[in-house]
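In case you want the letters, here they are:
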Amino acid sequence: MNTVVDYFLIPLLPVMAFIFAGLLLILVQCFKRPSLRPFTKLLGFLGPVGAMGATWYLFKSQPLAYSTAMAGSYEAWLNEFIQSYQLDSITMVWYWAIGALSFVSFIFIEAYFADLEELPEILILLEFIAAAMMLLISASNLLMVFMALELMSLPTYVLVGIEREKHFGAEASLKYFLFGSFATVLLLFSIALLYAYTGSLQFTQISNFLRVPVGGENPSGLMVLAASALFIISVGFKLGMAPFHMWLPDAYEGASTPITGFMGSAIKLAGFGMALRLWWGMLAPISSHWTEILGVLSVLTMFVGNLGALKQKNLKRLFAYSSISHAGYLILGLISISKVGSQLGVQNLFYYLVVYGFMFLGIFGILAVIEKQTGSTDLSNVEGIGFSHPFLGLCFLVLVLSAAGIPPTAGFLGKYLLFADAVRTGHTTLVVLAVLSSVIGVYYYLRVLVALYMTEPSQRIVLTTKNRLVFLGILACAFCMIFFSFFPQKLGI
Amino acid sequence: MTDSLLALLLFVPLVGVVLCIPLSQELTKWIALLTSLVGVVLAGILYQNFNAADSANLQMAWSFPWISSYGIKFGLAVDGLSFPLILLTKVMMPIALLASWGEARRLRAFMSCFLFLDFAMTGTFLATDLFLFYVFWELMLIPMVLLIGVWGGQNRVYAALKFFLFTFTGSVLMLVSILWIFGAHYSQLDSFTGEISQYSKLVFSPEPVFWSLTVQDLIFWGFTVAFLIKVPLFPFHTWLPDAHVQAPTGGSVLLAAILLKMGTYGLMRFSIPFCPDSFIKAIPVLSFLSLVGIVYGAWVAFHQSDMKKLVAYSSVSHLGFVVLGLCALNREGLTGSVLQMINHGISSGALFLLVGILYERRHSRQFEDLGGLASVMPRYAFFLVFVVCSSMAVPGLNGFVGEFLILLGAFKAKPMWAYVAVTAALFGAVYLLEMLRRVLFGPITSGENKNLKDLSLRDWVSLVSITVMILMLGISPNFLLKKIDPALDAFWKAALKKTHVDTVLSGKRDRKV
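Taken in sequence, the protein lines are chains A and B. The number in the numbering used here is simply the position in the first sequence, starting from 1, with 5 added. The number in the numbering used here is simply the position in the second sequence, starting from 1, with 595 added.
All clues stand as given, with none of them false.
Mimicking DSS-like on lysine-lysine, the simulated pairs with C-alpha atoms at most 30 Å apart in a straight line are: (1) B/Lys1092 / B/Lys1078; (2) A/Lys180 / A/Lys377; (3) A/Lys495 / A/Lys65; (4) B/Lys757 / A/Lys316; (5) B/Lys757 / A/Lys318; (6) B/Lys1092 / B/Lys796.
Examples of chain B residues toward chain A, derived with CB under 8 Å: (7) Arg701; (8) Arg751; (9) Leu774.
No wet-lab data here; the hints were simulated from the structure. Ideal Cβ positions, reconstructed from N, Cα and C, are used throughout, including at glycine.
So here's chain A without its partners, still in its complex pose (with noise of 0.2 Å):
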């Protein structure tokens, strides 16, 4: 007899490997005791290997569909909460993504952060993020979205402006507080929205009816209209996209660096697991009313992102700017799955965000050791790096190449896969536009080449940390940059 506990609490391991460690962090902190803190250190690690632990775990014991099968048996509100929480395969493989991003991501922050006192406090939030984005991904509810997005931003604002004596971090954390809360808002007000209309919370049931309405009620409401309105704002916020990614250059680049890393690999991959969910599990009957738009906004996110990147100085600044045009190429994967659960474009879309999402995390640990030794992370710091630290620079060319889409890196393979889908599905003018921002883009992406190799150092740099962990971290990102391209099957495609 298959109990409550096979299908809400099994599933949920993953998640609870997180908020476990997190816990276990606040118990080991009560201490106080600084002999305790390589411990601490070390049990940090914990949330995400336990969480691929139990994903794995997952995958080999295949718990069934667990929401459909459960429905009816017990009571109401048990259904309800059962419901709010979907597994299936696809993702499963996001939630080795989230663990693998946040295990590398937690080596760069603990190396960066390894004199900070707070140094636990930012692992324990670090852990309820990382808990907060695998029920974002999983969530098949409205509420469960909107409790999952909140207990993710929270910590995030906490974070932006962990080192209290940056003005800078300060500045951002407020920033992004302000424009993250009012996002949040609209989503509250686009669920409430499409609760009046449909009566209900569920994905399913959402789409159900919108699908087939009741009474020959015509779907496109405007109710509807404006719920999918507020939608494409708040998730847009979210994901940065243009035009509402005013916060987001200002918010990486007032955050420390590996924290930074974080926020653009793991948190925009838990940001595009709920768009898609959002968009293709929910509002997929009315798609084309948002596709349209989104796919504008996609080419104005590219544009804006490479337009914006060409002229900073700063690589974090930089590299937000080329966030934001990445966000561009993965919004026109999001509108190209045609059809609801069209495999190969979500595994595209998968497969664009893991590449992404490594290649974010690599630069940023990268700059991270970088900003360590020199106090800033301007252009002129990383000149003649190519050449004085061979094994750094050749690391941070692999990934800038992939950044930039130049084969034969996963980053190349990642957006012809996505433009392939986009051009099958129609959106051949946009693919048009799209490449030829990337033209713009890869004018940025060779200034950093430049400096890197092709620039007489005006200052010799010494790049060294106690941390060797870290420069495994960065081989492994740049290492996926290659490897990805060569066995794109590893990650399903």
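Since the structure of chain A is already known, use the hints to place chain B on it.
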């Protein structure tokens, strides 16, 4: 052996790169030389094993699956079109390497770039998969940009960026076309494939979609602009002089000898077979541009004061002939174009090598600093005169065969083309002889020129091998042509089979198609 010969050809340079990493700077030179010599030997084996009778089809295929859900394979094969270019690549590699033998800075990285470039170039010619081709095509860019930007002259960063941005813009247009034709294959035949040979089966609707351009035209121009930038044909040529002048000698040699051929190879491999209707429609434009390029390149070369720039502009002129030969749509023009590609590779590679040799000794390429060198460096003078003769198509040397056939083909297709092109060929003799006069003859004007050393041993090695090639191709081009004749015979018929091939080939084509 022959099963994996192509894989060996491709991967041996990559093995060289790996070997370079742990070795000392000085040793990497020898590793690179050794690797490229192995490449020459493998190319010899390829020449022996290449089946001439079957050269119209892909041979020695070697592949393994890559992205199966999209039908993309890592596939290599060789046919009559790529065969001569593979040989050229492998033969020019050690020569280019010897040309940069004196490079002293960051040798390991330099040699790695060189070998990586070899890898990418070989891959570009061997790829049988559209996606793989694009990967290699782009892969070439990175080492070349580094070669120009790190080991180049004064203005290297500017030249490297310009080279990159020009080529990348073209590549990206090609990417759109690739994606488009990829999608078209899916919608027409309901399957994904990367196989290049499959795409010539596609049939496009003649309905215009954008102004008067059909889908086929748009795909054609996406590919073609990328290739024309690489060739480079007239309005797209401006990156070439900068890149050539700034690049280190070895880089210039490879750029001129191999990289520029990618463009014309691409026209023959992709643009024409994929979109024959559009090609026929585009002939007036292409032939006009190539004629302008031929004349303009020669004219601008004549006015240069920098020896290397002169040679660079002469490339613009010479490669215009190749495109013109393709526009003629007949066997003579095609044969001439293929030969001209090889010939230009050899002679202009040799010219850059000679410029490099001079620059190594005199540290200047300006004509005003040179003059009267024939008496100081008689052996050098001999080779320079010899190579210049080959470049201006003196009968008996290699340049003549190709250029003559192109002119013949052009005359058959449209006499006017031949008239214009012949005057430019004449002009070519003018600027090259003028260069000889200003470098070699006359009084020695500068004291620094009095004590220049003549050729060293390594210069002898590379120059003599070039001389042998020039004579071989000039006296008996058959040793190459007999290997690829069936491919050339079949080319137009196969490429244009979707169009009204008989009317096109008999010359009665309707220009307003």
